[in-house]
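Chains as they are written, first to last, in our numbering: chain W, 1 to 153; chain H, 1001 to 1795.
Errors might be hidden in some of the hints.
[As the list claims (entries may be wrong)] List of simulated lysine-lysine pairs, DSSO-like, C-alpha gap at most 27 Å:
no.	chain 1	residue 1	chain 2	residue 2
1	W	K23	H	K1463
2	H	K1595	W	K23
3	H	K1006	H	K1483
4	H	K1311	H	K1380
5	H	K1598	H	K1463
6	W	K5	W	K23
7	H	K1311	W	K23
Calculated from the structure, these hints are not laboratory results.
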Amino acid sequence: MIDSKQYATFFLNNLFLGVEVLKVQEVIRYQEMTRVPLAPSMIQGLINLRGQIVTAIDLRRRFEFPNRAEGQLPMNVVVRTDDGAVSLLVDEIGDVVEIEDGSFERPPETLRGVARDLITGVYKLKDRLLLILDTERTASLPVNFTKSQIKGN
Amino acid sequence: MDEIVKEFLVESYESLDQLDRDLVILEKDPHEKERLGSIFRTIHTLKGSSGFLGFGKLEAVAHVGENLLSKLRDGVIIFNPELASALLATVDAVRYMLGQIEATGDPGDKDFTSLINLLTRLNDGASTETGSVASPAPRPADTTAVTGKPERAAVSPAPVAMVTPSATPISVEASTAASVVEPVAAPVAAPAPAPAVVAAAPVAVAAPHPESAPATPPAPAENTPDIHDAPESKNSAVSDSTIRVDVVLLDKLMNLVGELVLARNQVLQFTGQGADSTFQATSQRLNLITTELQESVMKTRMQPIGNVWSKLPRVVRDLSTTCGKKVRVDMIGKETELDKTIIEAIKDPLTHIVRNSVDHGIETPEVRLAHNKPEEGVLKMRAFHEGGQVNIEISDDGNGIDVERIKQKCVQQGSITAEQASRMSDHEALHLIFLPGLSTAEKITNVSGRGVGMDVVKTNIEKIGGTVDLQSQPGEGTTLKIKIPLTLAIIPALIVTSGGDRFAIPQVSLLELVRLDGDQAEHQIEFIDGVPVYRLRGQLLPLAYLNRELKIADKAEAGTTATNIVVLHADGHPFGLVVDKINDTEEIVVKPLGKQLKGVGSFAGATIMGDGRVALILDVLGVAQSAGVVAEIRDRSILDKEAKAARTTDSRQTLILFEAGQGSRMAIPLSMVARLEEFPSSMVEHSGALEVVRYRGQILPLIRVSKHVPAISEASLENDPMQVVVYSEKGRSVGLVVGRIDDIVQENITVKRHAHGNGIFGSVVIQDRVTDLLDVPAVIRAADPLFYPAQKAAA
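Required output: the full structure, derived from the provided sequences and hints.
Structure representation (structure tokens):
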């Protein structure tokens, strides 16, 4: 029996991303959020998830992609991190896929910028590339955000 | 990890903590047989369990320790500081290995053979030389042979090659030839001459006199009753009335209660709408039960502060040995209970404060004796509940904090200016030690002096909503007072609205609410130094606008032009926060923000409101700091004094004192002063022969008082920045350049008028000195005859 893992997938801009299913707490539709003044712009706000307060991070801003179109509502992928649950805002949800471990590869050279830091590796699927997201890194602020910058936002 | 191993770890850690305590107490009272027996049993159990679980290395170390303890218990060897240190080193070694087991599953690779050898040699009564001692200490005759007669300190104190990770270098040089073991005839106490000679005098082992048990084992008598009463009690009676519960389970319980509180809040929202009476009654019951449940669950998490304090005697012992001081720890109120999270948060700060006291505060025995103080320094720790808060006081009877040195260091570092330093009160100067990077320690030791401690202490305590205050008397000692609110998770809060969003303000910071109707607001909000202030019953309250501080769009509510001011206090200083709307007070459950938001200093957490939406909780201190209303030290004192000045009663007048040159001073009545300003000399421009500055959008002519008042020297006016007293009359202002402003005083004064003028109105007695009063109108007229147009020029 060959080892394989299951990944929850979703779409962000032109990328097809995946997170290990075990790391995903739930996937829900767009929720009303409370904005956090003075927070970095990638923090879209706070969600009330059955009594749990979850920080929502807009992945488009995290990846430094252009904002999504007016009227297009994101979906919430709530992932478990060391620090608690975090919701990642994505464009659309994909299927859960099962992939053999063996085909995991390092990120391609063509992947640049912020994305490079946040992707742990890729799987070559039949018709496209599945990029695996590093949830811990994604949920942490990029290093160059200092307190003063946050306040000036 | 295996359940069994987990249990083993939990119990072993507890045992080690107890061992720490016991060994330190035993050192002061080496003959408590009960305690020796209990220590022996603990190590014995540890050895057995580690052997059973296959942790060979751990077993080996415990085994040697057990042998040593067996001899101690049987009276074959006498307990002494060297043994104490060795045993404490063993405890540390075991702790290290437990940590390794926890992390990796086995005791690790660290080599403890030297420790084992040390223990073996101590066991055999031989000296442990490392060759640095001149003459090898004579081997005391076989101690093993003799029983029941506690005689010569079996162990030569000589060059103890300490393997201890904890710093107890009973220094080699100290115990050279001089301390060679002499058979101590007197049977008793006998950790005899050895420790007495050791330079690093160990904690209060009043060794020199061979009487048994130094009078009263000081402070940590807490554990004595436990052990003496019934050695088995630790295992039986205690365990019957208590249950060991996983903290994770308690946290879960706490969370559930929190959710229940939120749900109850939601239910209460409906009852307000005049619903069914049965429903009303039921929800009332729900309300009562929830409140009681909340209180009870809080109690489960309460632990006595003694749990934290119990570790400190060991810390103090090790530290005072290193520093060569004698310190005794007194603990009062160790049964005072705190929530577990608070205990976790103050552990490190308390340790740091204690280390500071021993390292910097308490003097060496010689110095103390020279000052007629007892050789042994006292570190007193006190805890009690008061006013809904836990108070913790740590005081030492050391040499206090040198306020001048602190000021100097700060000025040197550039944290404050020399001028601010001179204006500071001693109390304010003391609090300078909380500035980061400050240390007046002559040299940096392992222990302290690196200057990173006190600001972290203050931050950590403030993070849990507490405050720190410091008092010190030179030569007598220092006291640190910490106040922490009792509960963390569920707090009463005031809900306000600003910019369309709701925010919660913890009620503990709330002083009062002020509402100004539209036109009132315009007149009553003044500006001092560009800061908006409001005069509240004579006190000047700096204002901050929440919309502006959070940079949210100022969506003014339609229809209301009222200004709502929430009066809060931060760091002891009151200020006003202007919000759009004040909603109501509620009990809210504080939920922490994720680490991504930790950097935003204005928020302390978030909560879920009755309608299910999330609201942010303001961090009052953070908001105050970012708004700059927790003003600079000097400016604050001027604001305070101006406010005091405003409260003039009939007989007292407020006067501003400034340097007039050659050590003399002059005074101006505050009633003559519109504002006090400072301008850098670079700002002065010239308009013809006049000096002017641009001030608040206008041109302010400057008058140098020295030109019109002979008693004032020109030199006294040469300050940078220039000190200017702004005088206004009927819309016209002029700036009087005066000497350095020394003080603002309020005095009952009688003015003795002067006949001759020269810019002097008269003289008064202020602070026992005769001081001239500046005749402001006269000076202005002399400088600018046209200033008072309607008046006839008088003298």
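Outcome of the hint check:
1. W/K23 / H/K1463: violated, 31 Å
2. H/K1595 / W/K23: Holds: H/K1595 and W/K23 sit about 18 Å apart, inside 27 Å.
3. H/K1006 / H/K1483: Violated. H/K1006 to H/K1483 sits at ~36 Å, over the 27 Å cutoff.
4. H/K1311 / H/K1380: Measuring from Cα to Cα gives roughly 15 Å; hence the hint holds.
5. H/K1598 / H/K1463: Holds: H/K1598 and H/K1463 sit about 11 Å apart, inside 27 Å.
6. W/K5 / W/K23: holds, 12 Å
7. H/K1311 / W/K23: Roughly 39 Å between the alpha carbons, so the hint for H/K1311 and W/K23 is violated.
Of the numbered hints stated above, those contradicted by the structure are hints 1, 3, 7, listed in ascending order.
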